[in-house]
Amino acid sequence: MPTAPLPQSTDELYQALQENRRRPYGRPRTVTAEELVDAAEQFEEAVPLVRALLELQEAYTYGSEPRKSPVVFARLLTLFDEQPDVFDDRLRHTLFWRFKWVANALRALPEIPLAALRQWLTEMRDRYEKAGLGLQPYYGQAYQLAAHTGEDTTPAYELWAGRTRTRLSDCEACEICERALYHLAAGDDERALRTWEPVLAGKESCQEEPARSFSYALLPLLRSGRTEEARELHLAGYRGCRRNPSMSGEVGRHLEFCALTGNEARGLELLAENRNLFDEVDSPREQFDFLTGVEVLLRRVEHLGHGELPAAGFTGRTWTVTGLRAEVRERADDLAARFDARNGTTAHTDRRGARLDRAPLLDALELTLRTRTLDDAAPAAPVAAPTTRTAPAVPESLPELILRARKLDEQGHPDARVCWARLRTLVAARDYTHPDDPAVGSLIHLHADLLADEADRAREKDEFADAAALHEEAAGLYDDAGQPGHAALARACALLATAEIPAEDADGTEAKTAVLTATHASMVRLHEETPGLTPRQEARLLRLRATALGMRLQTSGSQEHIAPVLAEVDLLHAFATRHDVGAQIAGALLLRATTHAMSGDLPAALTGTDGALDRLREHGPAWHLPRALALRGRLQLGLQNAQAAYTDLAEGLRLAADWPAGTVDTSRLHSDLAGACLHLGRPDEALRHLTRSAELDLRHGSRFDAYCTYSNAAQLSLDLGRVEDCIALLDSVLAEPDVTAGEPDDRLIAQLRLTRARALHAGEDLKAATAEFVALAAESAGWDDDPGSHAMIAAETAVLLGESGEFGQARKAADQALAAHARDPRHEQLSNCLRELARLQAERQGPEGLTDARAFLADAGRIADEARAAGYEVHGRPLDVALAYEHGRVNAYAGEYEDALTALEKSLALLGEPGQDQEQAGEWAECVRLAGAVEGIYLERPAPARTRLDAAVSRLTALGHTEAAEPLASLAARLRDEE
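Taking our numbering, the leading residue of the sequence shown gets 145, the next gets one more, and so forth.
One thing to keep in mind: the hints can contain errors.
Below, a list of computed lysine-lysine pairs in the DSS-like style, where the Cα atoms sit at most 27 angstroms apart [as the list claims (entries may be wrong)]:
| hint | residue 1 | residue 2 |
| --- | --- | --- |
| 1 | K605 | K656 |
| 2 | K244 | K212 |
| 3 | K244 | K274 |
| 4 | K347 | K244 |
| 5 | K605 | K551 |
| 6 | K956 | K347 |
| 7 | K274 | K347 |
Keep in mind the hints are simulated off the structure, nothing from the lab.
Using the sequences plus the hints, can you model the full thing?
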């Protein structure tokens, strides 16, 4: 059944063919091409059928279906023999070009006898000679056959490479690649890389290049010590071939590169992204290249002891690395044997063996901003353990273990977690027997302890409702066990956790402040009504009371709430000092410093933190040092002392490694260090800290925070011009299982996609960027609560559509942006968009596009009027000035030079005379230059144009803006020379 109504006229057919060419290669495009061939056969004319067949052959060729391409070409050749007049010069050129496509397709099929391949090359040579065409393309195909079979390639290479190129020769980029591969096969890496230089530098390209050359050049670059260049080409090259069936061999080489550079985890990630290639590649040669690269990766992962990891493979079952490797090995070995049997050589088996036996070239090469290990690739990767600290010894004796856990917990020691975890395992066992020891207490007491520990962990994950419920349950058990002090503490913790539960109705600051006030009052009553508290229990209750008031201050920001916090802190400090509760003494000092910070008194907060650090260094507890250093680092950042902040934060991060994971918020430390690095002008280091922070959040289950930090890292990477790093990072994040399942916040994921689309645009991948922007614009149209964001996305989409020459669609997107802008104004962004669309349309279409371009400018004029009426302050050029200048450019592009000059003079009048401001002087100079060009060149009035330019040069030079004056002086000199 056709996927769309079949064309009923040749015009409709040509339109359908054009639309199909915009689709990516793959089955949808191929199926449509097949249907269009059926439709073309209904017309009496032969030309529609020829064009439809050419489109179908292209779909088969780049859709990796080599078996079908020669069949289509046979029909084309028959049509050419029977009706040569149907083929105009362009169609005739295309027909003879595609002899090479058929030769390539036949080589890819091991079931085609070698004699048939040579017979086709003879047919190609005879046809070229008969048509009077040069034979360099034929000799190129003869060389490629020799290289494929593994024969002595030197004679064939010299016959091809020594001949003059013709109009039917492969493009420069493809021929450069073949020459480089010849030298590579001879073992001459340096000569191969020199040959590749024009392609690697971006000077030569085509549909398959430079992605193909990039994939082959990766290992020679590593062997030559050019690791950074190899890294960059991997990122750019992989993006050019991923998920593309016709470039599955290139994907295989990128997987191999990952395996040989210590990036096995990234290799598995890329393998998952290209799972479609296991089933969509119909070319045996491409299958062979792809599967061999896959096996290099899987073999390396298995060698490192991770054969049990899941791996993406053939559909129909789940795979482990070990299982998939066995399947891949069998299939690739079979393909190699089939090719070698057809060719009468051992070339494919030998090449495959050489790739599989290649040793890693580097232990570790940081390929992306998101460096991951095979441990991270495990289905449930454990949180990384500290690297510099030996795990604490856990007592073997059960009574000793229980008592040690309680003692450490009372001190707030991080090692308590290890003891509780061990006890949780023991108690859950069926054969658990509780010690009959009065010092240990009852099993109910122990169950309460374990619930309290579980509640603390839930609160750390911001699971406040669960934490409150667990604390309440623990309190009940403590009551049953006759432990009123512990019960009071558990209830106080439950009160605090309950206060932290986000309100569903979002009543706001006032309601949250009232809740915390009531929480504190309840804690005070609980404290007063509980008899027999030990000094440590009472100190903890005082600490919780102060914490509740601190949270109230943080929520309200009210000056009247400062003194109560400080009063509670003083009470805590005095009590802890009197009873020598060291941990709470330090806690009181840090709470006081934090309170000063929240009240805006950063110098007092810094002084307080200094005191806390002195106390901690002398008396401990040492596990609070990283937190105190983190606080002081943040305060130093607030006081604009980035170097001091960096020193404190770095020391805090170093000391945090001495304690179990989770003791210190190392994710926050990395994030703060990133901020310090940015202030110090070290953006690359900032990027590393941001991505490390995000990865830690991800491991701890804080996925929303992780994705926010990744978003910041991606934007910073883009701002730094590290476009490929940005895209690779976002591709990796957007491939996370929960993201693909649509679980995270849709706006956050949209922001990640938006940054990626902007990066694609910056990387000059206009087609991919436009497709993503169009999709985002469609999604954001439904954001009724945020029309302003839709306005900005639709505006950017319109500009990209304009850059693609699709001005009709650009107009529709701009209208969407205007409609959203009416609900939530975005004056500057919309004005910029509309002016740019006007410029693009006038530049591309000249006089024919002037009416539509002026319509865009009219919309921009209305927005400028709205902005002026609303008192909106722009961040860039005044909208009226920019609009007048754009009227000048648009009219100049359309040949309306008088109108252009009038508009430019209006812009100059609005700008006013230049002053010391360099940016304003540059804008004024550009406006003068364009006015001078319009007047002197296009209106042919050089004298007044020179006068204008000379006066401007004098004015700018006198102000010291010599660089801005240079283009004006150059134009004035040109006008003099042309008189």
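Given the proposed pairing of K274 with K347, does the C-alpha separation stay at or below 27 angstroms?
Given pair K274, K347 is violated - Cα atoms ~35 angstroms apart, limit 27 angstroms.
Given the hinted pair K347 and K244, is their alpha-carbon gap at most 27 angstroms?
Since the Cα atoms of K347 and K244 sit roughly 24 angstroms apart, the hinted pair holds (cutoff 27 angstroms).
Restraint status (C-alpha distance of K244 to K274 at most 27 angstroms)
Within the cut-off at roughly 17 angstroms; holds.
Taking 27 angstroms as the top limit, are the C-alpha atoms of K244 and K212 close enough?
Holds, at roughly 15 angstroms.
Would the hint linking K605 and K551 be met if the CA-CA limit is 27 angstroms?
holds (24 angstroms)
Take the C-alpha atoms of K956 and K347, compute the straight-line distance between them, and say whether it is at most 27 angstroms.
Since the Cα atoms of K956 and K347 sit roughly 36 angstroms apart, the hinted pair is violated (cutoff 27 angstroms).
Run the distance test for K605 versus K656: straight-line Cα separation, threshold 27 angstroms.
The given pair, whose Cα atoms are some 20 angstroms apart, holds under the 27 angstroms limit.
Of the hints listed earlier, those the structure fails to meet are numbers 6 and 7, in rising order.
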